[in-house]
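Taking the hints into account, I'd like the entire structure generated from these sequences.
In the working numbering, the protein residues as written are 323 to 539.
Please keep in mind that the hints were generated in silico from the structure rather than gathered at the bench.
Hints should not be assumed to be uniformly reliable.
Stated by the list, open to error - Under the rule of at most 30 Å between Cα atoms (straight-line distance), these lysine-lysine pairs were calculated in the DSBU-like manner: (1) Lys431 - Lys327; (2) Lys391 - Lys372; (3) Lys391 - Lys408; (4) Lys335 - Lys425; (5) Lys538 - Lys342.
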Amino acid sequence: MTISKLAILNAVKAAISRAKASGSPYAQGKAYELRVLLRLLRIIDSAGYKLTCTPKMAGVLTFGGSPCKANHPDHDYISGSTSTEKLEIRISVQVTTLSHSWKGTTVVKAADRHEIDVGVYRPIKTRRYPAFTELLLGVSCKTGGWNKAYVREALGMRRELGFLTSPRTSLTSSAPWFIATVPCDPPVPFALYATNAGSAVYASLAALGLYVEHYKG
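This is the structure we're talking about:
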């Protein structure tokens with residue numbers, strides 16, 4: 323059965339509560355990913371998209387708990403649509419990278435794909451790993467203490483999603499409801515959400531198309 327916005331938001335909130343009830347650091351990290359998902363769903367809803375989902379289990383949303391394929395038979399995703407556009411919001415899906423696209427092969431090795439904690443995509447075809455060109459917005463989520471390695475990791479992912487242009491030649495964003503323009507080609511914004519206030523000093527990385535957000539959730 324297909325559910326709409328209110329039921330989706332309530333199901334995500336319930337999933338957050340279940341994850342938070344566990345004392346493990348892993349579960350707390352997944353709870354934070356879901357809080358970021360909830361934030362993005364509200365942004366997308368405010369932009370005029372109709373949110374729907376057809377859960378595999380009635381009343382329960384099931385997302386990837388580790389790096390996964392887009393066509394995993396047990397995982398759900400949330401759809402957004404307007405009269406002219408459609409998108410999909412997914413958790414922990416791995417995408418193939420810019421460097422892989424240069425190889426000219428359909429063989430996807432471990433080094434050719436990377437996990438997007440929370441991703442917004444164009445409608446994905448039924449295959450295992452979507453290409454970076456199918457991504458509209460990518461998000462990495464970090465909880466707990468701050469580590470500069472998080473930024474280095476995010477910059478590496480940023481590089482694998484496209485070429486840097488310059489702020490003066492920024493292109494219209496693939497996710498204009500998140501940021502209007504992006505200095506990259508393709509113009510896919512990549513965001514790093516972190517609970518620690520130490521992340522706030524990295525706002526200048528927006529000049530590279532990496533958007534660091536201090537968000538407690």
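Cross-check of the supplied hints:
1. Our distance criterion of 30 Å between C-alpha atoms is broken by Lys431 and Lys327, whose separation comes to about 37 Å.
2. Distance check on the hinted pair: Lys391 and Lys372 sit about 25 Å apart at the alpha-carbon level, within 30 Å; holds.
3. At roughly 20 Å between alpha-carbon atoms, Lys391 and Lys408 fall within 30 Å of each other, so this suggested pair holds.
4. A hinted pair counts as satisfied when its Cα atoms are at most 30 Å apart, and Lys335 with Lys425 does not qualify at roughly 42 Å.
5. Straight-line distance between C-alpha atoms of Lys538 and Lys342 comes to about 14 Å, which keeps the hinted pair within the 30 Å bound.
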